[in-house]
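Here the structure of chain A is known, so what remains is to put chain B in place on it, guided by the hints.
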Amino acid sequence: MEFISETLLSKYLNADFLARIIHILLIVLVGLFIVRIIDIVVRRAFIRNASEQVRSVFHKGINYVGWSLIALAVLSELGLRLSALLGAAGVVGIAVGIASQKSLGNIISGFFLVSDKTFEVGDVVKIGTTSGLVHSLDLLSVKLRTFDNTLIRIPNDEIISKEITNITRFPIRRMDFKINVPFQSDYEKVKEGLLGVARKNPLCLDEPEPLFLLSNFGPSGLEVLLGVWFEKSNFIQVKNSVIKEIRDALNAIGVELSYPHVVLSNLPQSLGDIQ
Amino acid sequence: METNIWSKKALAEESWRRWVVGELGLFFDKKGAEWIIGSYRYPRAQERLRIHQKCSSFSEEDIYEEIEWHRYMIGQEAEIEIVPALPDRPLVVRPNVRRRILPGREAQVHFYVPVWIQLFSHSVNRRVMLEEHPSLRLSSTWFGDMQTGELCYTLETVLSQEFERSSPPAPYYAECVLNINNISSSLLDFYRIAVHVEYLNLYLDGDGLHTNEVNVNFSGIDQISQVKYSTRGPRWLKNPVKIASAREVPSKNILKRSFSYIKHLTEM
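In the order they appear, the protein sequences are chains A and B.
Counted the way this note's numbering counts, the first sequence spans residues 1 to 275.
Counted the way this note's numbering counts, the second sequence spans residues 1 to 268.
If you are wondering where the hints come from, they were derived from the structure by calculation, not from laboratory data.
Cβ coordinates follow ideal geometry from the N, Cα and C atoms, glycine included.
Watch out, some of these pointers could steer you wrong.
[Claimed, not checked] If you only want the chain B side, here are some residues facing chain A, beta carbon under 7 Å, derived: (1) Q118; (2) S139; (3) S140; (4) T141; (5) W142; (6) M146.
[Claimed, not checked] Simulated restraints on C-beta separations: (7) B:L102 / A:T146: 54 to 60 Å; (8) A:S115 / B:V241: 53 to 59 Å; (9) B:N96 / A:K189: 23 to 29 Å; (10) A:D248 / B:Y64: 23 to 29 Å; (11) B:I183 / A:L214: 42 to 48 Å; (12) A:R169 / B:V158: 35 to 41 Å; (13) A:S131 / B:M146: 17 to 23 Å; (14) B:R137 / A:K232: 19 to 25 Å; (15) B:I221 / A:K232: 28 to 34 Å.
So that you can see chain A by itself, here it is in the shape it has in the complex (with noise of 0.2 Å):
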């Protein structure tokens, strides 16, 4: 017992093995400070006014290039021959990448969809059926926040072939409100009443001007469009404000907004009649 504690202190408790340990801490701790500075040069530098995801996606692959070459030094102070490592790493990511093809496919996908700039973090999105803010943009998924508030992963190789709608693009939207007034109808009161609804509401733009539209003959009157220009932040005011106002107009002039209906006549008073 006493042999091999004495042979393991022979071994870890010289100076050699102590100035070696020393020497990994000095790579360790002078490695993590170089790859902070470079983190924070290139952030403050190069990428101030860049997006979000370029910003994140800058900062990981600093961080894990960084510490990559860290664990390399390591384990070359620790005696590992290198030549021998890369070689076995290539073989082992051959394997990785054969049997993690899917995740590959995702982080290819994850740069397409920031080179292609359809959204950034913060945007709201619709992609496929499903509606969300865009939590962040990694490097395998996107998350979403939906407006319930649950967080949704979506694979990006997924959302790569999948159609995006990007709702909060552009600063301004248009709000579109379809409307069954009766086939009779006076059409100048209907369409100066509506129009008068966006000219005075405040949230609504006066230009690019409202949009008046007699879109169709429905089954049961005709079918207006109203299209109202808005700040894309004031999305649930306008909605609110403009549905109220749309029928406070629409008493106002005596027309009723129409709903699908049957009309029934009186039968013949004998079935004698029919025959």
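Positioned in the frame of chain A, the structure of chain B alone reads:
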């Protein structure tokens, strides 16, 4: 009744004050270390500034519920400063009468901008803005195309020439002078212009408010116009006092597409 509103006002303990500026009604009370400030939008604008002296009870009980109240823990400071400011977005000025400026000709026109009201406290030797409100609510509009345009307020107004200069419609309007120089070879059909009022200072001369002069060189239809904002008050004022600084510092020359000929951006 006081008429000079642009100054520091003392708030007395446990007594209400009401100031009416345009459509805006402001209500003040001080209770110990707390200031209570209410804002209300009247359906019609007042032509004159109205400052009601303190009264011991709140006199407009009928609108009390609709007033937006804010409470500030200020300390023993008893003075509130009321300062005019220009709107926080550019204005799209639409003259009630369209004018045409011939190539090579210069025109000077002026119009009046309803100011915003900013409230400041001077607590602990620091000037802190408590809140700001427009004296008149202007409608919003978009100016330019969807990619490069900007959100503005609309100001439908009378554009007067120098010899037509008249007094402002109310004391809460600031006069803005526009020098338009048509350096293009085409007729300038002038029916609206975007003026970046957030780059303008406000000057007080007597009771009137004025902004810096704006100089526009029109280079052609849908060309970039050169806009320069002068650094001092109007030349003809004798003793202008700068009462409010610009919200943003303009670069010396701002190239902006000031005139717009895009009438219908609405698309199906």
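Hint by hint, here is what the structure shows:
1. Annotation: interface hint on Q118 of chain B violated; nearest CB of chain A at approximately 21 Å, more than 7 Å.
2. Of the supplied interface hints, the one on S139 of chain B holds, with its beta-carbon coming within about 5 Å of a beta-carbon of chain A, less than 7 Å.
3. At a threshold of 7 Å, the smallest CB-CB gap from S140 of chain B to chain A is about 5 Å, leaving the interface hint in force.
4. Given the 7 Å rule on beta carbons, the hint for T141 of chain B holds: about 4 Å separates it from the nearest Cβ of chain A.
5. Because the closest C-beta pair between W142 of chain B and chain A is about 5 Å apart, less than 7 Å, the hint holds.
6. Hint status for M146 of chain B: holds, given a least beta-carbon distance of 5 Å to chain A, under 7 Å.
7. Between L102 of chain B and T146 of chain A the Cβ separation comes to about 59 Å, which falls inside the hinted range of 54 to 60 Å.
8. Distance hint check for S115 of chain A and V241 of chain B: the Cβ-Cβ separation is about 54 Å, which falls inside the suggested range of 53 to 59 Å.
9. As the Cβ distance of N96 of chain B to K189 of chain A is approximately 27 Å, the hint placing it in 23 to 29 Å holds.
10. For D248 of chain A and Y64 of chain B, the Cβ-Cβ distance of about 25 Å falls inside the hinted range of 23 to 29 Å, so the restraint holds.
11. The beta-carbon spacing between I183 of chain B and L214 of chain A, approximately 46 Å, falls within the hinted interval of 42 to 48 Å.
12. Evaluation of the 35 to 41 Å hint for R169 of chain A and V158 of chain B yields a pass: the beta carbon distance comes to about 38 Å.
13. Between S131 of chain A and M146 of chain B the CB atoms are about 22 Å apart, so this pair conforms to the stated range of 17 to 23 Å.
14. Remark: the range hint 19 to 25 Å for R137 of chain B to K232 of chain A is upheld by a beta-carbon distance near 20 Å.
15. For I221 of chain B paired with K232 of chain A, a C-beta distance near 30 Å keeps the hint of 28 to 34 Å intact.
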